[in-house]
Amino acid sequence: MSKRLHHAFRRVSVGAVSVAAALALTSTVEAASELTVYSTTDADNLKVIAKAFQKSNPDIKINWVRDSTGIIAARVLAEKNNPKADAIFALAATSMLGFDDLGMFVPYSPKGVSKLDKRYQDGNNDPDHWVGIYGWAGAVCFNTIEAKKNNLPKPTKWSDLTNPVYKGHVTMPNPASSGTGFLDVSSWIQIWDEAKAWAFMDKLHQNVASYTHSGSKPCKMAAAGETTVGISWPFRGAKLKSKGAPIDIIVPEEGIGWEMQAVAILKGTKNLEAAKKFVDWAVTESAMEIYANRYSVVAMPVKTKKWDHFPPEVQTRMINNDFTWAANNRSRIIKEWRKRYDVKSEPKKKKG
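Take the sequence shown: its position 163, counted from the start at 1, is 163 in my numbering, and no numbers get skipped.
A portion of the hints provided could be inaccurate.
Unchecked claim - List of simulated lysine to any residue pairs, SDA-like, C-alpha gap at most 25 Å:
hint : residue 1 : residue 2
1    : Lys47     : Lys241
2    : Lys149    : Ser109
3    : Lys118    : Val106
4    : Lys306    : Lys267
5    : Lys277    : Gln121
6    : Lys220    : Thr156
7    : Lys154    : Lys243
8    : Lys80     : Ser109
9    : Lys157    : Met318
10   : Lys220    : Asp42
11   : Lys115    : Lys243
12   : Lys203    : Thr156
Unchecked claim - DEER-style ranges, computed between Cβ atoms:
hint : residue 1 : residue 2 : range
13   : Leu102    : Pro301    : 31 to 37 Å
14   : Asp117    : Asn63     : 26 to 32 Å
15   : Ala199    : Arg119    : 27 to 33 Å
16   : Ala52     : Gly103    : 27 to 33 Å
17   : Thr156    : Asn63     : 42 to 48 Å
18   : Ala43     : Glu346    : 14 to 20 Å
19   : Asn82     : Thr304    : 37 to 43 Å
20   : Lys51     : Ala199    : 42 to 48 Å
21   : Asp342    : Lys111    : 39 to 45 Å
22   : Gly268    : Glu313    : 41 to 47 Å
Quick caveat, the hints were computed from the structure, so don't treat them as lab data.
Built from N, CA and C at the ideal position, the CB exists for glycine as well.
All chains, full assembly: derive it from the sequences and hints.
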């Protein structure tokens, strides 16, 4: 895996780093220690997480840098020999496996790791090099008003989206920049075989209006009536629908991909003890309760409130995702995807 993953991550566009947005959420209390943490968790969730951590650890100030999976992964790789961050929080396991293969993490098993589902633990190393904390899955946000205007049937399967009737009415995330996009593409290959999956994507591409660089954007667009079909993730859809958006959240019958988000300490940190405290907190029951209120699955069974409109079939339709296979094949898949479909990707925002 080492040589392949090394090349895979070197191909990530380092130019995307320039658009990373720094989100500094800090306490007014003067901190004894300061950490820089890179994250891909959605902005709303990050605000809650930052506040909860600060309350539990007022002596540690965290400067958060939040962006999409592809951009954060590119930034971490670009800084490999001179790390600017102390830790990574909520980055896709398929990216974490690659960075671990490059020897970029500090071995550390956080307090309470034994309480986590073993699927979320680093089974290759003791102590752990990284630890999974929660997962999210794919889904489709479907605008019922736009569908009625355009006489579009409600899809129930991924294969339905290849019907020419949806031409120009589908938006999905770019797998090179969005973790949600990659989990969709890699799951289609696992659900079908390579040939059938690419044949499906060829037909789907004919109906796609644009590929976004954010996993939540297609659902937001569907909620706003800017597209009819937004391939996205279910919590975003449930939240938008609870605010009155005219959308249905569809979990395709063939199965849905899902991704594990993980936390790790980066080698080179000058604040190791504070970084350990952060990782310890990230696997606490109180932290898991925060994750469980927003994502499909978490690493520890916890009580959570029930979200209105969240599809109950999400967990039963999650595929048996092979994260190692996805990590090993990520570069190849993205390279092929770009060659075939990148022409419809939306322009990336330029800083300044």
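Hints, verified against the model:
With a C-alpha separation of about 21 Å, the suggested pairing of Lys47 with Lys241 holds against the 25 Å cut-off. Pair hint Lys149 plus Ser109 does not hold up; C-alpha atoms about 54 Å apart against a cutoff of 25 Å. Taking the CA atoms of Lys118 and Val106, the gap is near 20 Å; set against the 25 Å cutoff, the hint holds. Restraint check for Lys306 and Lys267: not satisfied, since their Cα atoms lie roughly 39 Å apart, outside the 25 Å limit.
A threshold of 25 Å between alpha carbons decides the hint, and for Lys277 with Gln121 the separation of about 18 Å falls inside it, so the pair holds. Distance check on the hinted pair: Lys220 and Thr156 sit about 20 Å apart at the alpha-carbon level, within 25 Å; holds. Restraint check for Lys154 and Lys243: satisfied, since their Cα atoms lie roughly 21 Å apart, inside the 25 Å limit. The straight-line distance between the Cα atoms of Lys80 and Ser109 is roughly 22 Å, inside the 25 Å bound, and the hint therefore holds.
Using a Cα cut-off of 25 Å, the hinted pair Lys157 and Met318 holds, with the two alpha carbons roughly 14 Å apart. As the CA atoms of Lys220 and Asp42 are separated by approximately 13 Å, the hinted pair is consistent with the 25 Å bound. With a C-alpha separation of about 35 Å, the suggested pair Lys115 and Lys243 falls outside the 25 Å cut-off, and the hint is violated. At most 25 Å may separate the alpha-carbon atoms for a hinted pair to count; Lys203 and Thr156 meet this at roughly 17 Å.
The hint said 31 to 37 Å for the Cβ distance between Leu102 and Pro301, and at roughly 33 Å that hint holds. As the Cβ distance of Asp117 to Asn63 is approximately 30 Å, the hint placing it in 26 to 32 Å holds. In this structure the hint that Ala199 and Arg119 lie 27 to 33 Å apart at CB holds, the actual value being about 31 Å. The hinted window of 27 to 33 Å between Ala52 and Gly103 holds, with their beta carbons roughly 31 Å apart.
About 45 Å separates the C-beta atoms of Thr156 and Asn63, a value consistent with the hinted range of 42 to 48 Å. Roughly 19 Å separates the CB atoms of Ala43 and Glu346, a value that falls within the hinted 14 to 20 Å. Between Asn82 and Thr304 the CB atoms are about 40 Å apart, so this pair conforms to the stated range of 37 to 43 Å. Look at Lys51 against Ala199: about 47 Å separates their beta carbons, and that is inside 42 to 48 Å.
Our hint of 39 to 45 Å for Asp342 and Lys111 holds, since their Cβ atoms are close to 44 Å apart. Between Gly268 and Glu313 the C-beta distance comes to about 43 Å, which sits within the given range of 41 to 47 Å.
Consistency with the previously given hints fails for numbers 2, 4 and 11, ordered from lowest to highest.
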